[in-house]
Amino acid sequence: MRFVLLGEQATGKSSLLVALYGALVNRRAGDVRIVRTVDDVEFLSRGLLAFGRQESLRRTEVDSDASLIVELARGDQVVSLDIPDRSGELLKHMLDARVWDPDLLAQIRSAAGAMLFLRADLLAPGKAGPKADFDSVLSTEPAGPTEPAEPDESAETAESETAELGWHPGLMPADARAVDLLQSLLDQRSRPLPLAIIVSAWDRVSPSPSPTAWLSEHVTLLDQYLASNADRLPHAVFGVSAQGGDFATGLPSQLIGEDPWDRAYLVDSDGVRDTLLSPIVWLLDAAM
Amino acid sequence: MTDESQQDGSEVRLAVDDAVTPLLGSELLNAEEAGQLLTSSPGRVVVWMGERGSGKTTLTARLYERQRLPGEDATFAGSRTLLAFEALLSQRLPVAGVSPTLADQSIRAADERNIHHLALIQGEERVNLLLADLPGALFRAIADNQLALSSIPLVRRADKLVLIVDGGRLRDPATRASVLTRVRQLLERLAADDLPHPDSDLALVVTKWDLVVEDAETLAYWQAREHQLAANVRELHADAEHVRVAAGAPASFPQDDGVGALRSWLLAPPGATPDPPVETQEWPDDAPEQTRGLRRRRT
Numbered sequence: 633m634r635f636v637l638l639g640e641q642a643t644g645k646s647s648l649l650v651a652l653y654g655a656l657v658n659r660r661a662g663d664v665r666i667v668r669t670v671d672d673v674e675f676l677s678r679g680l681l682a683f684g685r686q687e688s689l690r691r692t693e694v695d696s697d698a699s700l701i702v703e704l705a706r707g708d709q710v711v712s713l714d715i716p717d718r719s720g721e722l723l724k725h726m727l728d729a730r731v732w733d734p735d736l737l738a739q740i741r742s743a744a745g746a747m748l749f750l751r752a753d754l755l756a757p758g759k760a761g762p763k764a765d766f767d768s769v770l771s772t773e774p775a776g777p778t779e780p781a782e783p784d785e786s787a788e789t790a791e792s793e794t795a796e797l798g799w800h801p802g803l804m805p806a807d808a809r810a811v812d813l814l815q816s817l818l819d820q821r822s823r824p825l826p827l828a829i830i831v832s833a834w835d836r837v838s839p840s841p842s843p844t845a846w847l848s849e850h851v852t853l854l855d856q857y858l859a860s861n862a863d864r865l866p867h868a869v870f871g872v873s874a875q876g877g878d879f880a881t882g883l884p885s886q887l888i889g890e891d892p893w894d895r896a897y898l899v900d901s902d903g904v905r906d907t908l909l910s911p912i913v914w915l916l917d918a919a920m
Numbered sequence: 298m299t300d301e302s303q304q305d306g307s308e309v310r311l312a313v314d315d316a317v318t319p320l321l322g323s324e325l326l327n328a329e330e331a332g333q334l335l336t337s338s339p340g341r342v343v344v345w346m347g348e349r350g351s352g353k354t355t356l357t358a359r360l361y362e363r364q365r366l367p368g369e370d371a372t373f374a375g376s377r378t379l380l381a382f383e384a385l386l387s388q389r390l391p392v393a394g395v396s397p398t399l400a401d402q403s404i405r406a407a408d409e410r411n412i413h414h415l416a417l418i419q420g421e422e423r424v425n426l427l428l429a430d431l432p433g434a435l436f437r438a439i440a441d442n443q444l445a446l447s448s449i450p451l452v453r454r455a456d457k458l459v460l461i462v463d464g465g466r467l468r469d470p471a472t473r474a475s476v477l478t479r480v481r482q483l484l485e486r487l488a489a490d491d492l493p494h495p496d497s498d499l500a501l502v503v504t505k506w507d508l509v510v511e512d513a514e515t516l517a518y519w520q521a522r523e524h525q526l527a528a529n530v531r532e533l534h535a536d537a538e539h540v541r542v543a544a545g546a547p548a549s550f551p552q553d554d555g556v557g558a559l560r561s562w563l564l565a566p567p568g569a570t571p572d573p574p575v576e577t578q579e580w581p582d583d584a585p586e587q588t589r590g591l592r593r594r595r596t
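The listed protein sequences correspond, in order, to chains Y and R. For the first sequence, this note's numbering gives the first residue as 633, with consecutive numbering after it. For the second sequence, this note's numbering gives the first residue as 298, with consecutive numbering after it.
Honestly, the hints are just simulated from the structure, not real lab data. Glycine is no exception: its CB is placed at the ideal position from the N, C-alpha and C atoms.
To list a few chain R residues with every Cβ distance to chain Y over 12 Å, as calculated:
{"hint": "1", "residue": "Pro339"}
{"hint": "2", "residue": "Asp441"}
{"hint": "3", "residue": "Leu444"}
{"hint": "4", "residue": "Ser497"}
{"hint": "5", "residue": "Glu511"}
{"hint": "6", "residue": "His534"}
{"hint": "7", "residue": "Pro551"}
{"hint": "8", "residue": "Gln552"}
Label pairs and their computed distance ranges (CB to CB):
{"hint": "9", "chain 1": "Y", "residue 1": "Val904", "chain 2": "R", "residue 2": "Asp496", "range": "45 to 55 Å"}
{"hint": "10", "chain 1": "Y", "residue 1": "Ala845", "chain 2": "R", "residue 2": "Ala434", "range": "46 to 56 Å"}
{"hint": "11", "chain 1": "R", "residue 1": "Thr336", "chain 2": "Y", "residue 2": "Arg905", "range": "43 to 53 Å"}
{"hint": "12", "chain 1": "R", "residue 1": "Pro470", "chain 2": "Y", "residue 2": "Ala845", "range": "43 to 53 Å"}
{"hint": "13", "chain 1": "R", "residue 1": "Leu335", "chain 2": "Y", "residue 2": "Ser742", "range": "24 to 34 Å"}
{"hint": "14", "chain 1": "Y", "residue 1": "Pro841", "chain 2": "R", "residue 2": "Ala488", "range": "47 to 57 Å"}
{"hint": "15", "chain 1": "Y", "residue 1": "His800", "chain 2": "R", "residue 2": "Pro367", "range": "26 to 36 Å"}
{"hint": "16", "chain 1": "Y", "residue 1": "Val904", "chain 2": "R", "residue 2": "Pro495", "range": "50 to 60 Å"}
{"hint": "17", "chain 1": "R", "residue 1": "Pro495", "chain 2": "Y", "residue 2": "Ser742", "range": "47 to 57 Å"}
{"hint": "18", "chain 1": "R", "residue 1": "Glu409", "chain 2": "Y", "residue 2": "Arg678", "range": "46 to 56 Å"}
{"hint": "19", "chain 1": "Y", "residue 1": "Arg741", "chain 2": "R", "residue 2": "Gly420", "range": "28 to 38 Å"}
Going by beta-carbon spacing under 7 Å, a handful of chain Y positions derived as facing chain R:
{"hint": "20", "residue": "Arg730"}
{"hint": "21", "residue": "Leu737"}
{"hint": "22", "residue": "Met804"}
{"hint": "23", "residue": "Gln815"}
{"hint": "24", "residue": "Ser816"}
One chain only, chain Y, in its complex shape (with noise of 0.2 Å):
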């Protein structure tokens, strides 16, 4: 079964996988485990270790197109996962450039599931709206998924590329680029497709409200699109730190000495605490 990662750069796409490995390899995935690893997992690995030190993923570790491939147990049930991880850049490029990309569309179009990716921390409220400085969530430099993201050194580069090349799809809101993003997918598949939303950098969200209404907050076309289409995108929606915090201003006292499986968290639709896993786990009982 496959679940295709959705996300721009700097998203928090590579740094979950790492996460789930490590919540899997390390058994904190509730009933779900690891019958066998079918990939290289290489990746993986350097992931949790820089996580151990408690270092981001560096930008070359984040856009490898580096995948999960592993067959997991469930209670009685065996299913073979296959969790692709394609670049950031290469979405955005796809969407700047109004073409798809042939792999990408042959995985969404064969995918039992997705799960869309957007970053908690660059969509304050307003921020996802026409007049936002949305670029700031395409130029970040993708040094984590929690990497502080440079909002005045984007919004002039901006600012100057507007100014000479006029409007151009790369300068859409996050919502809209979200929007368009499934518009299209849905174009070009029959059947409807579950999607988890993960919402990164969760940690960086307080007051802390449920997902689901973070989401209708901060994100309102995306939420409305979701809803009106219920029928063809059943969603659900998560919020993910995969870190557990903020390496760069350092993490709260109580997850110092903790184990990076141990820091990271979930949190489900309604704001409950859960496992790593359970967007997949959601996923696999939505495609089921």
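Following the hints, put chain R in place on chain Y, whose structure we already have.
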């Protein structure tokens, strides 16, 4: 996609290059694509008719942008012209004049891309709004009887025809009378071409209402003439709607901007009373008899 000739030269066929699959929503729609959309789900073809700079493009942009506000009673369900909407918004509202992407003559050609698409859900129904401008140059040519309205396919096909009164031009004593004249000229042209069809709707929309109400003299001018103009519209279409819209008003504007009311009218099936029902307000006792009961909204 590439052309491929057969050896005997008798046939030319198209070979599809599978490696190039365009993403959805990159361009405005042409009439054929709009028609295809309407075959799959309910829709309304809307044509804005007004002078250049009267706020047509702003209405289109605001209908989309409005969906980002919390608590709207219509839900965004998608757009085949998402990029065009976003490009419009980036021009920083209010927008004066037609979009630079719309050539003045383009609405006359069936293959031109000049239609915005916005899918909304209100209640249980999903409705495709297909929004087209009648460019200013065409508007004037029609008003001056240089061109028949019926020669414009989209106008003939329209479910919702919207006559626009530019509230901004009402503020200028030099131009305000011509605003009324243009509307009445259009009414005459519509009548001459048996438009709108019995199963289509008509509305008189006053744009830039914030500019009208902030100037007492302008407001008085308009109030003195509004009843009669509305009556003229209703002579053509008994159920004509009358909406005041301040789509480009600053956030400090104390009244409702009217965009929600306009949207409800657009989403309502032609000939149907919108849900929730349109507010009906009695005209003052001194209003002409024929204007009493005209449905209107305070915005």
